[in-house]
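Enquirer: Build out the structure end to end from the sequences listed, making use of the hints.
Protein chains: 2
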Amino acid sequence: MAKKYNFFAGPAILPQEVMKKAQAELLDFNGIGLSIMEISHRSKDFEAVINGAETKIRTLLGVPENFSVMFLQGGASLQFGMIPMNLLIGKKADYVNTGAWAKKAIKEAKLFGMVNVAASSEDKNFSYIPETFNFTADAQYVHITSNETIGGVQWMNFPETNSVPLIIDMSSDIFSRKIDFKNIGMIYAGAQKNIGPAGATLVIMRNDLVEACADGLTTMLSYKTHAKEKSMYNTPPCFIIYIIKLVMEWIESHGGLAGIEKINNEKAKTLYDAIDGSNGYFKGTAALKDRSKMNVTFRLPSEELEEKFINEAKKAGFIGLKGHRSVGGCRASLYNAMSLEGVSELTQFMKKFAAENK
Amino acid sequence: MAKKYNFFAGPAILPQEVMKKAQAELLDFNGIGLSIMEISHRSKDFEAVINGAETKIRTLLGVPENFSVMFLQGGASLQFGMIPMNLLIGKKADYVNTGAWAKKAIKEAKLFGMVNVAASSEDKNFSYIPETFNFTADAQYVHITSNETIGGVQWMNFPETNSVPLIIDMSSDIFSRKIDFKNIGMIYAGAQKNIGPAGATLVIMRNDLVEACADGLTTMLSYKTHAKEKSMYNTPPCFIIYIIKLVMEWIESHGGLAGIEKINNEKAKTLYDAIDGSNGYFKGTAALKDRSKMNVTFRLPSEELEEKFINEAKKAGFIGLKGHRSVGGCRASLYNAMSLEGVSELTQFMKKFAAENK
Chain A
1 MAKKYNFFAG PAILPQEVMK KAQAELLDFN GIGLSIMEIS HRSKDFEAVI NGAETKIRTL
61 LGVPENFSVM FLQGGASLQF GMIPMNLLIG KKADYVNTGA WAKKAIKEAK LFGMVNVAAS
121 SEDKNFSYIP ETFNFTADAQ YVHITSNETI GGVQWMNFPE TNSVPLIIDM SSDIFSRKID
181 FKNIGMIYAG AQKNIGPAGA TLVIMRNDLV EACADGLTTM LSYKTHAKEK SMYNTPPCFI
241 IYIIKLVMEW IESHGGLAGI EKINNEKAKT LYDAIDGSNG YFKGTAALKD RSKMNVTFRL
301 PSEELEEKFI NEAKKAGFIG LKGHRSVGGC RASLYNAMSL EGVSELTQFM KKFAAENK
Chain B
1 MAKKYNFFAG PAILPQEVMK KAQAELLDFN GIGLSIMEIS HRSKDFEAVI NGAETKIRTL
61 LGVPENFSVM FLQGGASLQF GMIPMNLLIG KKADYVNTGA WAKKAIKEAK LFGMVNVAAS
121 SEDKNFSYIP ETFNFTADAQ YVHITSNETI GGVQWMNFPE TNSVPLIIDM SSDIFSRKID
181 FKNIGMIYAG AQKNIGPAGA TLVIMRNDLV EACADGLTTM LSYKTHAKEK SMYNTPPCFI
241 IYIIKLVMEW IESHGGLAGI EKINNEKAKT LYDAIDGSNG YFKGTAALKD RSKMNVTFRL
301 PSEELEEKFI NEAKKAGFIG LKGHRSVGGC RASLYNAMSL EGVSELTQFM KKFAAENK
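Chain order of the listed sequences is A and B.
At position 323 of the first sequence (counting the first as 1) the number is 323 in the numbering used here, and the numbers step up by one without a gap.
At position 100 of the second sequence (counting the first as 1) the number is 100 in the numbering used here, and the numbers step up by one without a gap.
Rather than coming from a laboratory, the hints here were simulated on the basis of the structure.
Which copy? The list can't say, so a pair holds if one copy fits it or any two copies do.
Derived lysine-lysine pairs resembling DSS-like cross-links, with alpha carbons at most 25 Å apart: (1) LYS224 to LYS107; (2) LYS4 to LYS308; (3) LYS322 to LYS230; (4) LYS262 to LYS182; (5) LYS283 to LYS308.
Expert: This is the structure in structure tokens:
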């Protein structure tokens, strides 16, 4: 079987080393004669897994001590509702509208309080990140989406919010680069891009915000519950958390986030260079300054050629290159587990395709 | 390595055939060169998995056509809140209090509407299932817990609710026996006992109840969303759903629920016979008529002997026999994947222990 490269926007590929280790110990974890899927979440073996995953996350991201790390469920989509339910009720928050994911977060927040859209890039089909913001002085928080998978834009620097807590949906670029926790009140991310398989949501929240969460919520929807019970109020998604721990070990072995960021920069440069060096055959859709290093969006001279490109690429082993149905075109997602080799091979294929399909 | 038997109340063991198949295809699913964890939830390969899982669930349980099958997240604990949030707001519902799990459901429901506890077995430490009920005529629904893992009691027959929809938390005995959907409006279950690994929640809901759900809820907490989008509003826990499909195939290969129920009856009889035939050395804690076939709770002559029994059993390869910390004693959970052989070996060990520790 020929090697396949999966450029899907998510769930994404996982590191081969991680998958091989998971396979090797799938029937017998730690020599206990049972799978990690088959033991109590209150067992010492699983406690070591979840505590180990948390410790590695804290170390890799440099999470300050006054933050809680939680493993939840329901994806970023549930967070869109949980955040305002806990922190907004009847008050004001600022949201920056940078694309489909930000819009979903805004829609849910409006169910619970007053939402000020402090900036939007909808005027240019979400092809850039705004640089000026109409922030509210008494906002409970400012919400942004660090990377938009559909428009292919990414915040290179987070906005200055002057002591208003910044809440960031990092679903599609967490662990792809170092981050500065200054201004940050909370970050969250569905696991299925850079963290692990679908089925867990990582939430990292400053403890004063946890304390400020609304009372009277149903237990499972209160961050207070999960911070206090260290993600063990009820049975967590044990196997997903186990894979997350393995992925964190893989990141460590690649020089941590500094090492990963360097490789991600090379991967993105390789692909954007191929696009920009194609004499206009391929055209990037995002503003140069805001080009995402995770999701590279581009067009070909016609929709017919795009369809042909996507199909021939698939036959050659490069799958998932179709752009999101709402915008069309092509998209290559370069999450952490995608190798530089995979990106280089894709650019070779692109060159060949362009030469043969003038 | 000696064979181990895991009698934990959950997460439970999974069938060996399932684990071996999962291991064999972990790196290459369907010959696509990628793991089931590494592909888009919108891909044809995953769609076949989730549709296949649903079809098998419908066939095995005999789910009537006017019910929706949903794969959610957050465990039964999130359902405790979602049910009243969707169906109770400001109205009345009847709950039967049979133990720790029913109590949790009651606590969450009280946040949203009026709760009538129609019967309770708290007077005898939840050691039996009530038989008379003080139902409300205009209740939105009647909620029961089909099996209580801590008290070790199980409903042998569901109550007659006279057209009021019955909502049943079946987390710990779903797929252990045939069920009659008469009166049933909804059943739900965390996956980690008889369905698969922790990380998915199965919800089966009559469509008129789906339609009756409250509007204005945050999107992810509305059953309408998940019924309409067929569990694909956002990324579902793909790998867990894949294992669920394998578990359903395993149940099929054991004669469906009729076959599984027969084995479960034998397993439970074997263990209860050993308890009842021990001349009072082992004593079952549940009322005879309500003894759970999933969680067998029993005591030894003293707490010291219980501790010794649990420790020596562990050394002999029988793990997870400690009763829940809130009640003490011993508990052996006999979920579907536990073999009759495992139960027989446990009873041999019990006999030997009793003889040696008079």
